[in-house]
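Peer 1: Using the sequences and the hints, build the whole thing.
Protein chains: 2
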Amino acid sequence: MTESLTLRQALLSPRSVAIVGQSDDAAKTAGRPLKYLRQAGYRGRIYPVNARRDMVLGEPAWRSLGALPERPDHAYIVTPTDGAVVAVEDCARLGVPVATILADGFTESDPDGATRLARLRGICAETGIRLVGPSSLGVVNLRDRVLLTANAAFAETDIRVGRIFAASHSGSLIGALLSRGAACGIGFAGLVSVGNEVDLSIGEICAATLDDPNVDAYLLFLETMRKADTLRAFALAAAAAGKPILAYKLGRSAEARELAVSHTGALAGEDDMADTFLADCGIGRADTFDGLVEGLPLVARIPLGASGIRVGVVTTTGGGASMAIDRIAASGIAVIGPSATTLARLAKAGIEVAPARLIDLTIAGARYDVVKAALDIMLTAPEFDLVVPVVGSSARFHPQLAVQPIVDCAGAAKPLAAFIVPEAPQALELLRSAGIPAFRTPEACADAIAAAARRRVPKPIVARKRIPSPGSGRLLDELEAGALLDRLGIARAPAAAVAAGVKTAPELSFTYPVAVKVLSPAIAHKTDVGGVVLDVQSGTDLLAAIKAIRGRIAAQRPDVPVERVLVQPMVSGLGEALVGYRVDRDMGPLVMVAAGGVMTEIYRDRSLRLAPVDLAEAHAMIAEVKALKMLAGYRGKPAGDLDALAGAIVALSRLARMDDPAVVEAEINPLIVRRAGEGVLAVDALVKLA
Amino acid sequence: MTESLTLRQALLSPRSVAIVGQSDDAAKTAGRPLKYLRQAGYRGRIYPVNARRDMVLGEPAWRSLGALPERPDHAYIVTPTDGAVVAVEDCARLGVPVATILADGFTESDPDGATRLARLRGICAETGIRLVGPSSLGVVNLRDRVLLTANAAFAETDIRVGRIFAASHSGSLIGALLSRGAACGIGFAGLVSVGNEVDLSIGEICAATLDDPNVDAYLLFLETMRKADTLRAFALAAAAAGKPILAYKLGRSAEARELAVSHTGALAGEDDMADTFLADCGIGRADTFDGLVEGLPLVARIPLGASGIRVGVVTTTGGGASMAIDRIAASGIAVIGPSATTLARLAKAGIEVAPARLIDLTIAGARYDVVKAALDIMLTAPEFDLVVPVVGSSARFHPQLAVQPIVDCAGAAKPLAAFIVPEAPQALELLRSAGIPAFRTPEACADAIAAAARRRVPKPIVARKRIPSPGSGRLLDELEAGALLDRLGIARAPAAAVAAGVKTAPELSFTYPVAVKVLSPAIAHKTDVGGVVLDVQSGTDLLAAIKAIRGRIAAQRPDVPVERVLVQPMVSGLGEALVGYRVDRDMGPLVMVAAGGVMTEIYRDRSLRLAPVDLAEAHAMIAEVKALKMLAGYRGKPAGDLDALAGAIVALSRLARMDDPAVVEAEINPLIVRRAGEGVLAVDALVKLA
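Residue numbers (numbering that gives the first Met the number 0), protein chains in the order written: chain P, 0 to 689; chain Z, 0 to 689.
If you are wondering where the hints come from, they were derived from the structure by calculation, not from laboratory data. Treat each hint with caution, since some may be false.
[To be verified] Below, computed lysine-lysine pairings styled on BS3-like, alpha-carbon distance capped at 27 Å:
(1) Z:K27 x P:K371
(2) Z:K525 x P:K27
(3) P:K625 x P:K636
(4) Z:K628 x P:K525
(5) Z:K625 x P:K636
(6) P:K525 x P:K502
(7) Z:K371 x P:K347
(8) Z:K27 x P:K625
(9) Z:K625 x P:K625
(10) Z:K628 x P:K628
(11) P:K546 x Z:K636
(12) P:K628 x Z:K347
(13) Z:K34 x P:K628
[As the list claims (entries may be wrong)] A partial selection of chain P residues facing chain Z, derived with a Cβ cut-off under 8 Å:
(14) L249
(15) L342
(16) R344
[Stated by the list, open to error] Label pairs and their computed distance ranges (CB to CB):
(17) Z:Y511 x P:G472: 47 to 55 Å
(18) Z:P637 x P:P637: 47 to 55 Å
(19) P:H524 x Z:E269: 37 to 45 Å
(20) P:P637 x Z:P493: 43 to 51 Å
(21) P:A490 x Z:M657: 52 to 60 Å
Think of the CB as a built atom: it goes at the ideal place given N, C-alpha and C, for glycine as much as any other residue.
Peer 2: What follows is the structure, encoded as structure tokens:
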């Protein structure tokens with residue numbers, strides 16, 4: 000990067016651009032960028048580069064980058080794959096600060112693709128050139144008329160300029176967001192198709208725009224969580240700048256995750272990990288396409304960390320409002336009825352409503368004064384954090400009755416989110432141009448509310464050494480793992496290592512019955528190979544158990560010498576939990592809690608957070624695991640020591656702060672949970688180093 | 000009903016109508032019906048009835064029903080509540096065959112409302128008049144221009160007439176369906192706001208239209224499952240007539256179910272019961288508003304019982320298609336890639352695609368010939384049951400490229416469902432007017448596919464005596480329950496009844512260890528009151544166990560004399576199941592299977608069907624319960640006797656055919672499942688008579 004030019008300037012506000020491989024045929028993909036730049040009235044200098052033509056689309060072209068009269072700020076390379084690598088080399092040699100690559104053919108899984116990728120990475124490392132793509136449909140800055148794109152959606156001449164910046168792994172989606180956004184009154188400041196992120200990631204590109212006063216908020220379309228660390232850094236900075244982010248992330252289904260792998264070459268994480276990551280970054284995750292497109296105005300009105308938000312619904316149509324309540328409540332958001340005080344205020348204003356979860360104005364009447372008075376009361380009633388007016392038939396032809404009063408509440412301190420039941424585009428437009436978040440389906444309305452409310456206040460990134468990759472991947476044996484738990488301050492069952500060749504029963508510092516387990520870092524799943532005997536009642540039985548274990552391991556894992564066993568007292572409690580820690584390649588350290596056992600697997604019943612967490616977060620995690628209700632005094636049963644469980648989660652999550660040892664995976668399973676006040680006890684732990 | 004007039008004629012094609020309480024003020028709700036009828040050009044005779052005016056809206060009015068020159072076929076009563084009852088009496092006296100009531104105020108929970116309801120029911124029973132409502136916004140037959148409605152949505156003059164009949168518990172929703180439908184090219188033959196169904200139910204009203212050759216399909220908006228028996232009868236007849244039904248049912252959340260109770264006075268069932276009921280009736284259940292409005296054309300193309308449907312996706316936009324695949328797959332529908340044969344056919348046509356789950360034409364190019372050839376091949380490839388083309392940016396301004404080829408496949412034998420990623424209303428219209436189901440969001444597309452595929456082939460209703468209600472509600476004791484299981488052919492653990500006062504240990508026909516349980520129909524949950532002792536090892540222990548049980552019951556349930564205990568051998572197996580049967584007041588007999596235990600409750604992990612079921616259905620039910628995977632050879636563990644489990648489900652479901660005893664609830668819990676081939680064994684059963 001040249002000193003005088005920031006990444007944002009070169010990327011999004013270049014003074015001059017080269018289009019390498021610009022075609023003379025405007026109908027071809029490689030013919031579009033010049034056409035769109037001219038059509039938009041780009042005010043910088045444009046250098047079409049075409050090795051075989053002096054003129055393209057009626058203007059002079061250059062034969063090579065080297066022939067240009069100046070070094071352009073940004074080159075869009077629209078040549079086929081092999082030419083693209085050469086063009087990047089040329090750009091780097093000439094000192095072009097940013098190049099964007101259209102071509103495909105750079106996937107890791109294909110040997111040629113991997114070679115090309117390595118070449119690009121090498122060029123970046125050697126020269127400092129920054130790349131967008133490959134597979135980028137381009138970079139657009141509507142405000143500066145930089146339409147450096149091959150996306151056909153930008154053929155439109157009447158593009159709405161706004162204050163949202165969109166970035167997408169999918170190039171075609173930036174076009175869809177443009178037209179979908181325009182249809183609901185949303186304009187963009189810029190849109191970038193980030194492609195395969197060989198160099199510049201979606202996070203870095205967005206971060207480069209954070210100081211742009213013309214950008215208020217961000218829309219992201221994510222296919223993978225590749226380079227999620229830069230996304231997190233951007234999200235933190237965006238939160239600090241008060242600029243909200245709403246994202247759609249593919250991968251609810253295993254099928255889509257598999258497709259993302261083949262499509263982008265990225266690893267597919269599990270969907271709840273992405274969910275956790277986005278929430279912990281303060282990024283709203285829309286679950287529906289309409290929620291993504293329509294949701295940002297609402298997300299912008301709801302503060303981060305508002306998971307306990309309480310929604311009040313008011314309506315002129317019982318059926319339509321019930322649809323909204325059904326969706327909002329089903330997504331886990333509290334929908335509440337008016338307090339006695341609010342009912343009294345409504346009555347005083349002449350509005351009689353039944354004391355129900357819904358403020359139904361049907362009987363009072365869909366009239367301006369009624370709706371306005373009800374809204375004014377709800378917007379000042381302390382029990383509601385968000386007011387959702389649902390408007391029926393009148394919205395279509397008589398917006399003055401129940402839509403205008405909502406518009407006239409635009410200045411209220413409390414946020415509103417309107418759902419219009421009939422087809423009523425004008426009513427939606429009226430609301431949106433007044434700045435009121437408005438939705439055409441109950442699903443999009445509920446989705447946007449949930450996306451906003453699930454965002455957590457992002458935590459600062461804890462500085463830690465990068466884990467060397469790939470390392471030895473060594474597993475700790477159970478004694479070493481126990482020592483790590485001791486250092487973390489997690490209580491564990493006493494344990495004695497006993498030589499497997501022992502002839503007489505050893506003295507133990509605890510009483511029988513005991514559990515006997517093979518002790519070897521080579522065996523991660525001891526039970527699977529017959530490496531565990533439980534409820535051993537005496538010294539004689541202990542010797543027999545050791546012999547049995549040796550026999551079974553010799554048969555099943557002849558490669559593993561059994562030198563020692565671990566002996567522990569049998570411990571029991573009210574129940575068990577599983578507490579895990581893992582450093583994801585993309586998302587970094589995560590901590591997890593589940594009930595353990597096969598039900599955790601079958602129901603995917605677990606809670607995750609970016610590590611480290613504090614006690615309050617740990618308690619929130621415990622509350623999210625359905626099966627752990629069993630330990631919270633379920634149906635009159637005694638309650639488990641959830642404070643101690645939370646303490647263990649916090650303690651394990653501190654691995655994220657520790658550089659030594661470089662733990663990439665740790666799992667305490669089971670962690671015995673005793674009665675409240677009696678603590679928890681780790682019985683087994685699996686720890687993997689980098 | 001007069002002999003010469005069918006219900007359909009009087010209800011939907013009356014030759015003459017009275018509007019009782021017609022107002023002179025067209026702005027008022029009670030002023031609308033006359034206005035809309037005149038505006039629509041209704042060709043029958045209209046009799047406005049107004050007790051205080053000779054003229055309303057510029058035409059003569061009658062002072063009373065009795066003053067009319069003829070007996071109208073249908074009266075719409077738009078007076079306030081009390082006047083409505085009087086008007087119904089007048090109608091009945093005059094022999095008006097059908098009356099529709101607008102007024103509210105007939106809820107069971109309010110004493111005055113209950114009195115009015117009883118009065119209406121009395122009038123119906125005495126006179127045979129049929130009522131729509133109360134709380135009905137009216138009855139509309141667009142083809143015959145019968146706009147007998149007070150719904151403001153019908154003020155529109157340019158209403159599209161079509162072949163769909165809509166019926167809704169919510170009156171405002173018929174208006175929303177009208178405008179939403181029109182926006183996506185759907186017209187209606189008729190729309191009815193059924194209100195509280197004091198007499199005519201939504202099922203009866205729809206059934207009355209089944210012989211109408213102008214009605215092809217049905218859209219329902221359901222707030223409750225009240226009078227579900229008539230809905231089922233209608234659904235069976237509709238399936239026989241080849242007329243598909245798509246419904247939206249409120250109540251995914253407990254909050255909305257509670258609202259339905261207060262709003263409609265109906266009982267709220269559980270949502271999965273409604274789900275099961277609708278599926279077993281062959282009614283598609285849309286989960287989204289757009290899915291309801293846009294989905295019927297697709298539902299009409301998919302046969303009943305197509306749960307194993309395999310979807311092929313083809314696209315010109317990878318990101319957009321991934322959204323569709325993600326949603327479709329997440330809703331449990333199989334999305335598959337092309338077979339080797341299909342890939343070869345594509346290659347032969349010059350279309351190179353990667354062998355992935357998605358047929359991505361991005362590289363081949365978004366051109367008519369490419370897309371058309373790919374569609375032709377997919378539509379004749381045996382591996383796909385449904386083809387989903389996803390069209391990107393080109394759909395917006397160049398529909399000839401990738402939309403027209405879909406249109407030109409309209410005649411294919413295999414169904415298509417298109418999703419258009421950008422905002423492209425013209426493309427959607429082009430597709431829809433060619434009869435191609437088309438969707439503006441991936442969510443609606445997936446929702447419609449899932450709604451269609453989840454419909455089962457409806458079973459004939461098994462004739463059985465109506466269970467007297469309310470009956471004694473007597474619980475059988477465990478021995479009586481055991482005898483019932485014997486009659487049903489469900490194996491159970493041997494059991495001996497022992498007098499609680501016994502002084503010496505009885506001879507048993509089975510060996511120790513045994514379980515000892517209090518035997519009393521007054522105690523449904525024996526464990527909760529200390530009424531069970533397990534693992535009793537000897538005669539002496541048995542006497543001690545009986546004593547302990549007597550002591551605990553005396554302390555906790557002094558009202559219950561402990562006369563006998565039941566002694567059973569301890570039985571064990573690979574696992575347990577819970578099999579239940581229940582006669583729902585509205586939906587009739589249902590059978591249920593779950594894994595039992597607290598996890599069933601926490602995760603709501605159960606499968607339901609209308610009873611009786613056959614073996615194939617019972618196996619499908621078992622496959623739906625996640626926790627029962629544990630008994631299906633999960634992770635190399637031995638498999639349980641799922642055939643025997645299915646047999647027990649079938650056997651218990653046969654209670655639906657038995658009139659004596661009138662069992663309203665039965666639950667086998669636990670049903671011990673042994674290894675494959677070794678059968679199942681009921682250990683405890685709870686049976687409740689009507």
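Peer 1: Each of the hints needs a verdict: does it hold here or not?
Peer 2: Status of the hints after comparison with the structure:
For the given pair, K27 of chain Z sits about 20 Å from K371 of chain P by alpha-carbon distance, which is consistent with the 27 Å threshold. Proposed proximity of K525 of chain Z and K27 of chain P is contradicted: the alpha carbons are some 78 Å apart, above 27 Å. Taking the CA atoms of K625 of chain P and K636 of chain P, the gap is near 16 Å; set against the 27 Å cutoff, the hint holds. Among the hinted pairs, K628 of chain Z with K525 of chain P is consistent with the structure: their alpha-carbon atoms are about 23 Å apart, no more than 27 Å.
For the suggested pair K625 of chain Z and K636 of chain P, the alpha carbons sit about 26 Å apart, so the restraint of at most 27 Å is met. Distance restraint check for K525 of chain P and K502 of chain P: the Cα-Cα separation of roughly 23 Å lies within the 27 Å cut-off, and the hinted pair is therefore satisfied. Restraint check for K371 of chain Z and K347 of chain P: not satisfied, since their Cα atoms lie roughly 66 Å apart, outside the 27 Å limit. For the suggested pair K27 of chain Z and K625 of chain P, the alpha carbons sit about 51 Å apart, so the restraint of at most 27 Å is broken.
A threshold of 27 Å between alpha carbons decides the hint, and for K625 of chain Z with K625 of chain P the separation of about 15 Å falls inside it, so the pair holds. About 23 Å separates the Cα atoms of K628 of chain Z and K628 of chain P, which keeps this hinted pair within 27 Å; it holds. Taken as a hint, the K546 of chain P and K636 of chain Z pair is honoured in the structure, with Cα atoms around 25 Å apart against an allowance of 27 Å. With a C-alpha separation of about 59 Å, the suggested pair K628 of chain P and K347 of chain Z falls outside the 27 Å cut-off, and the hint is violated.
Note on K34 of chain Z and K628 of chain P: the hinted pairing is violated, with a Cα-Cα distance of about 59 Å set against a maximum of 27 Å. Because the beta carbon of L249 of chain P sits about 5 Å from the nearest beta carbon in chain Z, less than 8 Å, this interface hint is met. A hinted interface residue such as L342 of chain P counts as satisfied when its beta carbon comes closer than 8 Å to some beta carbon of chain Z; here the least separation is about 15 Å, so the hint is violated. The beta carbon of R344 of chain P comes no nearer than 21 Å to any beta carbon in chain Z, farther than 8 Å, and the hint placing it at the interface is violated.
About 53 Å separates the C-beta atoms of Y511 of chain Z and G472 of chain P, a value consistent with the hinted range of 47 to 55 Å. At about 35 Å, the CB distance of P637 of chain Z to P637 of chain P disagrees with the hint of 47 to 55 Å. In this structure, H524 of chain P and E269 of chain Z meet the distance hint of 37 to 45 Å, their C-beta atoms being roughly 39 Å apart. Look at P637 of chain P against P493 of chain Z: about 35 Å separates their beta carbons, and that is not inside 43 to 51 Å.
A hinted range of 52 to 60 Å for the beta carbons of A490 of chain P and M657 of chain Z is consistent with their spacing of about 58 Å.
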